[in-house]
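Engineer: Chain by chain, the residues:
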Amino acid sequence: MKLGRICCGLAGLLLSLSGMAVEGWDWQLPSHVPEPRVPQDNPMSAAKVELGRHLFYDPRLSGNGTQSCATCHVQEQAFSDGKVLSTGSTGETTHRNAPGLANVAWHATYNWANPAIVTLERQMEVPLFGDDPVEMGITDGNRAQVLQRLRDEPLYPPLFTAAFPEQDEPLSMGSVIKAIAAFERSLIAVDSRYDRYLQGQGGLTASELRGKDLFFSEKAECHHCHGSFNFNDQVVHARSRQVEMPFHNTGLYNLNGEGAYPFPNRGVFELSGEPRDMGAFRAPSLRNVALTAPYFHDGSAATLREVLGFYSQGGRNVEHGPRSGDGRLNPYKSGLIVRVGFSEQEIGDLLAFLESLTDESLLRKSAHSDPWQGD
Amino acid sequence: MNTSKCFGLLASAALVGACSHPVTHEAQSQSIAFELLANGQSARCSAPLGPLGRDQIPAQLHDARFYVQDVVLIAKDGRHVPLQLTTSDWQNANVALLDFEDGSGQCVGGTPETNHEVRGSIPPGDYVGLALTLGVPPGLNHTSTELEPPPLDIAAMGWSWQAGRKFAKLEVDPQGGAAKVDGSRSATWYVHLGSTGCTGNPVTGETVSCLRGNRLPLLFERFDPRQDAVVVDLSALLAGSDIGRDQGMAVGCMSGPDDPECGPVFERLGLSLQSGEPLQPGHSPSVARGARP
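Residue numbers (my numbering), protein chains in the order written: chain U, 8 to 382; chain S, 2 to 294.
If we strip away everything but chain S, and leave its shape as in the complex, we get (with noise of 0.2 Å):
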């Protein structure tokens, strides 16, 4: 039994006697925090969020959720530590729900309560460090929002038609709308992240693979939880896109391979949209550490 499962243990207050080593703390509680950023201000459904995209066009939020993974701890000589995640609406042991929606202005339809950080349990230490992941594991994904408990009991962050969830669902209404190709205008512009062309077992009735992931795993070397924060930035995420026009397939991405717009939305994000994997591991132009707010 390893360090970090010993202490994984303690914090669920069973079975001390078994771990092979000493232990003279008990875990301590962590949260980490999160902010979603729009030209360097809170992004909320409340306010405008200025200008967005290459067009540069006004823009207010729609929605914004996301969900995380294997959220770790990185320890001073190196160790990662996984976060014990404390069961709740927001979290249960596998994955975390972040809302920065409230279901107000132009966000209507979305839900009243929001959710900025994630909460567990952690050996006392000295940590320096952060590693998680923006996704749903895949033995989660697949699940019925009917069935599962919080927080993926979120119909908006079903996907049916994948067969999964949404990881993430980002989206703003541009001044205007955004002009498709048809001659028709979309009130909202969306960003959908998921993982895409998902094969089922009719043997089985369970959906058993996907060819492209897309998970984004994150990692902050350097990352204070007391002091810091993962911060989610739509200006960087939309930088490379006109959020004015869509030029076909889905309104923005989707996730759709050869949607145009998804080019420029993967790249930001830091994932390649043929194959599904980080185009470099630990990184995404999109997400930075920031100051805890």
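Just chain U, with the same shape it has in the complex (with noise of 0.2 Å):
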């Protein structure tokens, strides 16, 4: 990168935050979406947001420099990334599938299985300081030296200064966490063909509409669990006065005939060691769900049929190798799945259905995406 073009960039850089209000978000929501909670020690602004887009896409947020939020959560693959599970900074394998991020910001809890984690800032402690496994790995050791990078980018001191201007030294990590929560918060698809159908500005086919239809039934089942505007079951919004936050077994793993799910992926119960919460998971959002293969906690279902068959079984009978044991008859299994048997049509039209919750806006808007490309 030559001088003259760091110069040029900073100053077109500059020019678009001085246009920016330092306070307020405009969220542009549908009106059957309401406004996300957002912590009161950090509110959204633009200049956070386009200071969070620097640093989820710069690997120097790394302690070797190697990666970047962006290398597990790829916008154009809805920002999840396509594998079964990912690989850490140092070269180790993540527990768990990477998730999207899209309209995180209404997430209860995150994580797979996690009802501590109730704040993407705290949540992001994980990939950024965690070492069972290594993901980011920044450690006491390594802080300093990656906030330093930070600082000698030249693009930094500025953006850092314009998202925190109320602070005396805002290049901090509390402040890296601060601007990427701001800019998950921004990444929202509620623009897709379904949306769009509700609003009354476009049609669904009628397949999608047979499987719009089969999906809010009680035939079906899926709404329990996917029912919400955000196609999931644990929703906090601005005006949230109370939030539930379930967790379901569903029915992948028996190991030992008890329900047992194997180590260290066996939900909520890995955190709480309560027998009831033995598997028991958080429904993920469906939308943008044709792009976040494969499924399941543990990437363990490749594509969206075999997630419907899995449904369509009541669970899953695993017959060979050490995961054997008949999911199915878990009894820790949540009572609403049930052997539905689904037609080969009706797989179809719920496919259909899943598919027209994408949001191709997501994808594609270049507010989300990588600001240090064409550098």
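Watch out, some of these pointers could steer you wrong.
To be verified - Across the chosen pairs, the derived CB separations fall in these ranges:
(1) U/249 to S/182: 38 to 46 Å
(2) S/184 to U/343: 34 to 42 Å
(3) S/280 to U/350: 56 to 64 Å
(4) U/309 to S/104: 41 to 49 Å
(5) U/338 to S/40: 44 to 52 Å
(6) U/41 to S/222: 56 to 64 Å
(7) U/71 to S/181: 24 to 32 Å
(8) S/52 to U/336: 45 to 53 Å
(9) U/249 to S/281: 33 to 41 Å
(10) U/71 to S/90: 23 to 31 Å
(11) U/253 to S/228: 55 to 63 Å
(12) U/48 to S/222: 42 to 50 Å
Stated by the list, open to error - With the C-beta cut set under 8 Å, the calculated list includes, among others, these residues of chain U facing chain S:
(13) 116
(14) 126
(15) 132
(16) 180
(17) 243
(18) 247
(19) 248
(20) 250
(21) 278
Think of the hints as simulated: they come from the structure by calculation, not from any bench.
Beta carbons: idealized from backbone N, C-alpha and C, even for Gly.
Put the two chains together into one complex, using the hints given.
Structural biologist: Encoded structure:
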């Protein structure tokens, strides 16, 4: 990168930032979507979101400088990575599948099964600092070096100052976390063909409509766990007074015939040790679900068709290997998971409906894209 | 206003006139010494620890840090008088970090600085005992390492997936590693103590309650701060454990209620693995009064 280009880039960026309101954020939501809750100590601003975007795509934020948030959260894949499990910056494999990030602002809890983590700011400490497995690999030993790398990038000091004007030393790891959280809250997907249909701005095909009716019916029962505007059942928004945090065992495993899931993926049980929490995971949002394969917490279903086959059977019977056991008979399985026995046409209709939940604009919006590209 | 509060205010050199009792002496500085032992010797990164565990495997120190809260000296008349902690990189008003690793040897990745004392001030008096708790107070436990001042800013003591802190991080490297059930070996055998089964409130964004506190209260009815130290004994802590192998879940014990290694470790700590409450309040088989080094 040549100095002249840096200066031009910086000038252009500052110019664009100067036109942004310091405080406030226009969520631009359709009427069927409530504004999300935003932590009081981390209000949204255009400057903060822009800083967060730069950090999200910056591999200098990992201990060894090789990996950014975007390594496992790719815009074209609705901010998932298409892999069963992901690889951290030092080569270790994650325990669980990298989830998509669309509409994370409304999640009540984060990670696949963690009732303790209720903000994006706290969630981020897991990939940034976690050591089992190492993901971004920031430690007490390299934290200062990581921050110095950011300080040495000409774009960053003015961006941090613009994003955190009230702070004496705006460039800190605390600010990094807040800015990335603000950027993540801006990753919104509420403009799918289904959303337009709801607003009377477009139609769905006959197959998609049959799929929608089946999805919300008492036959398929999908809506019990995926019935909110965000197609999950853990939603917090700006006016929430009370929020439920259900977790579900869907019958993926039954290792010993007594309901066990494989360590370290036993759901909320990993934190609580309570038998009732065995295999209990958060129902993920189904927005953009056509783009976030593979599926389930461990990426153990390759396609949406396989997922629908799983629910059609009311669970999964693993016949061979160390994970064998009939998950359909898991004693901790949710009562909502029953053998539905979908027909081929019903599966086709459900697939068509799920594909109508893709918001193409999320995948293309330049405000969500890699700002370091083209430098 | 009780006497201790009065002295507390005196210690902060404020509102002397507000105290209801006449006070003739200013608060005095007081330190409480800590020591970490293995096989009767100071356990440090630089020297072998000798054989540890039920399986008596030669081991080296990998990490040894822990937080303490609610440090109280017990006066001769039985009064419990809080030690007003002096703010520094090692302690704030409510919690202090003890650190026996210096980043050398097998402790690679740690911090060079060490701390073997809790420092504070206390009204003059005849103190004969000590009470303290191994832990971080609930109101501070769930804060972020990246937003809190020292000593709660240590990422290694963060426990991100439990949205809290490790109260104690005691780790040893057994010679040859620890054999895992999948056939692989882990270089390190871990003891991580902290609150588990925690739940947050998405409406407030705060972590609000935990099923198991796992804080360890300690009471020494006889303790002379000038001569005595609080001694954490790795030999005692690991006496019921086989550190050359791991039978499942986390390697060693990371406070998992169903981790086979946690039964013996929690028993030696003096905590109930199921409830997170002390088995015999004030008493831990792994912590004793010893000579001040």
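Engineer: Each hint: holds or not?
Structural biologist: Taking the hints in turn, this is what the structure says about them:
no. : hint                       : result
1   : U/249 to S/182: 38 to 46 Å : 43 Å, holds
2   : S/184 to U/343: 34 to 42 Å : 39 Å, holds
3   : S/280 to U/350: 56 to 64 Å : 59 Å, holds
4   : U/309 to S/104: 41 to 49 Å : 45 Å, holds
5   : U/338 to S/40: 44 to 52 Å  : 47 Å, holds
6   : U/41 to S/222: 56 to 64 Å  : 58 Å, holds
7   : U/71 to S/181: 24 to 32 Å  : 26 Å, holds
8   : S/52 to U/336: 45 to 53 Å  : 47 Å, holds
9   : U/249 to S/281: 33 to 41 Å : 40 Å, holds
10  : U/71 to S/90: 23 to 31 Å   : 27 Å, holds
11  : U/253 to S/228: 55 to 63 Å : 57 Å, holds
12  : U/48 to S/222: 42 to 50 Å  : 44 Å, holds
13  : 116                        : 7 Å, holds
14  : 126                        : 4 Å, holds
15  : 132                        : 4 Å, holds
16  : 180                        : 4 Å, holds
17  : 243                        : 4 Å, holds
18  : 247                        : 5 Å, holds
19  : 248                        : 7 Å, holds
20  : 250                        : 4 Å, holds
21  : 278                        : 6 Å, holds
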